[in-house]
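**Student:** Just so you know, the protein sequences line up as chains A and B, in that order.
When we follow my numbering, the leftmost residue of the first sequence carries the number 1, and every step to the right adds one.
When we follow my numbering, the leftmost residue of the second sequence carries the number 1, and every step to the right adds one.
These aren't lab readings, by the way, just hints derived from the structure by calculation.
Virtual Cβ for every residue (Gly too), placed ideally from N, Cα, C.
You can take every hint at face value.
A few chain B residues that don't get close to chain A, going by computed Cβ distances all over 10 Å:
no., residue
1, Y51
2, E59
3, E74
4, L104
5, A123
6, R148
7, G155
8, I205
9, D419
10, S442
FRET-style restraints, in silico, Cβ to Cβ:
no., chain 1, residue 1, chain 2, residue 2, range
11, B, G417, A, L368, 31 to 39 Å
12, B, T412, A, F290, 28 to 36 Å
13, B, T198, A, K197, 21 to 29 Å
14, B, G417, A, L446, 48 to 56 Å
15, A, T412, B, D237, 50 to 58 Å
16, A, L356, B, N45, 17 to 25 Å
17, A, F379, B, I418, 30 to 38 Å
18, A, K197, B, H28, 34 to 42 Å
19, B, E307, A, M294, 24 to 32 Å
20, A, S442, B, F290, 19 to 27 Å
21, B, E218, A, G449, 52 to 60 Å
2 protein chains.
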Amino acid sequence: MQFQISPEFIEKIEQLVAEQNNKELQLHLEDLHHADIAEILNELNLDETTYIIKLLDSEKTAEVLMELDEDDREKILNNLSSKEIADELEEMDTDDAADIISELSQERQGEVIANIEDQEHAADIQELLRYHENSAGGLMAKELIKVRETWTVGGCVREMRRQAENVTRVHSIYVVDAKDKLKGRLSLKDLLTVDAKTKIAEIYIPRVDYVNVHTEGEEVARIMQKYDLEAIPVVDDLGRLVGRITIDDIVDFIRDEAEKDYQLAAGISQDVEADDSFFKQTKARLPWLFLALMGGFIAVKVSGQFEGAMVNFGVLFFFTPLIAAMAGNVGVQSSAIIVQGIANGSLGGSLTKRLLKEVILSLLNGVLLAIILLFGSHFLLGVDYIIGITVSIALMSVMIIASLIGTFVPITLDKYGIDPALATGPFITTSNDIFGILIYFSIAKLILGF
Amino acid sequence: MQFQISPEFIEKIEQLVAEQNNKELQLHLEDLHHADIAEILNELNLDETTYIIKLLDSEKTAEVLMELDEDDREKILNNLSSKEIADELEEMDTDDAADIISELSQERQGEVIANIEDQEHAADIQELLRYHENSAGGLMAKELIKVRETWTVGGCVREMRRQAENVTRVHSIYVVDAKDKLKGRLSLKDLLTVDAKTKIAEIYIPRVDYVNVHTEGEEVARIMQKYDLEAIPVVDDLGRLVGRITIDDIVDFIRDEAEKDYQLAAGISQDVEADDSFFKQTKARLPWLFLALMGGFIAVKVSGQFEGAMVNFGVLFFFTPLIAAMAGNVGVQSSAIIVQGIANGSLGGSLTKRLLKEVILSLLNGVLLAIILLFGSHFLLGVDYIIGITVSIALMSVMIIASLIGTFVPITLDKYGIDPALATGPFITTSNDIFGILIYFSIAKLILGF
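Make the full structure from the sequences, and use the hints.
**Tutor:** Encoded structure:
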């Protein structure tokens, strides 16, 4: 059942575009799912893509456009006239249309909106553009089914038929009063099972979860996940029903958030993919590497302070990468658990309690690894016991400090409204490298007295 | 509208449990959403939690149980009789019931199933238990609405009313033939807008996405996301409709997958949360730390081979943590991008092309950072130019090798069916540490000739 894209198929399409064989092209593409067409277009160059977008019906291409990568879409839109873009938007749900239009220049936005024939649709899109893209207002669509509490079930079904034409999927039927204030919801199941003359007021469910237009996207995602909602109504500051958010938009949002955290942990500062340009990849990666390099400078400086050890205890310097690596790994483990705990709201208890737990945990791990290090360094590496003891004590201390930093930093960032995921990855490893080396040599100096 | 859990409320509940004041407890809890009750139970101890689960109606507690952490749920179930568990399962959808029952011991499973009164429900649960939990069969629920292609719309609505009682949410109506083979689907919208005497065969949509019971969860998630599906029917090997998967189960799945990748990148080998026990946390963290320690041993050994440099070029040893850190960071960046590309299926092109791209990219970054390192080490750290040049050339080389390893390893793991996310985090940083130090000293030896 699944469409499988093949190199031969792509070649065929490229050839047909070259021949401008519109009839054959349409024949090949018209039955495909829009997500599949988007996959095909990803393999073509800009001219070919634009040609196909212009050729196919905008009912289809509107959905295809939504599936494309933002960068590619921008280039294609640059090749379309304002009228052509308006035709695409006409076919889209208002939330998608607003997303697309917000990618255009201010000037172009006006032109495109002026070209939309359906006045109500244009007004809805303009309304959505007013909200921040990461707020419930920015995520919602205007398409929904609403009925008045004073209607009967029969009248309601008639009205729904009319409204359903604009709505791709019927999730819930919302009940409003004469002033459009959200009163509750109706389930389709209920509509199926009661008499046509029943008043809506008698059967609607007055308890309904909703969010305000200004609620942040993360909060909307949290609520929809917690309460397992497939759609949530959005109200304005007066409590009037102005839109709804569906779970498919939130799925994308959750995935994007998770990817962002993952990338931050890996030291990549913005959404970047394997196929992005050298420039975009460098922009995302270089700042973190630069940060790590600066941290490295400090680590060199710190090591240099203990140059005196080199004559009699040169072997200590062989262990600096081990100490630094362990500090980094422990720090990342601690911070990752905290970042995830913050993200899914499962982090209870006080900061002190949490730090205490991490100390005990890393002491536990630290003692075990220190014993392994003590005997390993003696038997495997042939190091003197006094050096082994020094390195082992340092390892334990470094692990404890590293886990404390890894716990403290993300919690503190979060407290001040900064994304705690920033603290994972290069930031934690670099600062733990420096502290680790400092602690290591300080302990060595204390024990060995160089 | 949102319920806000307060310390006072928790205290009140604890007090009511202590007093065994059932009436007040029910009054306080019965109107709350099951997700909120689960949140409250998370704050109580095991005895209190069990008391409340036994007190409340199983229609409510069945959903509460699903929201609890697996560990907590296990403990609570241990305090319930087989009959009590069976009562809970009776209220659950088959997919949830199967999930719960699979957490019990083999012996207990039989007892519980024998206690389920609804024979059909029990049989459905047993059927689901046969599938691997990560397959479509393991993810699906048996609750769905299906109609025969030979029926009329009117008959269909009557039959749907009957079936709808068992189905929490009506997503799609599936159309089957006399042998239960999946033929297509009906949208509710269509049912609203056609005459009652129309035959289903005339109006159903014959194209419908579906998955096989053996399809892997990742693939189901990919298809549902790609085609923006809210539910997908599941067929057996004979093409018969046997269940459906809804997007809310997939949302959890997507989140869990993302969390798993994130944890692997941070060196945590299984699903673990901040509030888990010391033992569980140690089990998840220690193996990676042990791996890093072993890698550290090798790094010490490698450094030791270049002991000869210590007399005249001791300063080189101050730079090993810097080189190791840069190797680790570059490696993690490369592997994270590859792992994400594999996860969302956006990774095209050949391995050679991808490695080439990484070489160019890291050469670009490497040259920039090497220049900074050259001048920085001279002016900030007071290092001789010849040492600066040596370290800079080594940095460039190390960055290129690290990015190649970071790209090659996850792609290769994936090729052999191993989770590529295993390659990120400690594994990549540790191996890059070793290679980095080896390359660094080798280049230094070549240039400085110690």
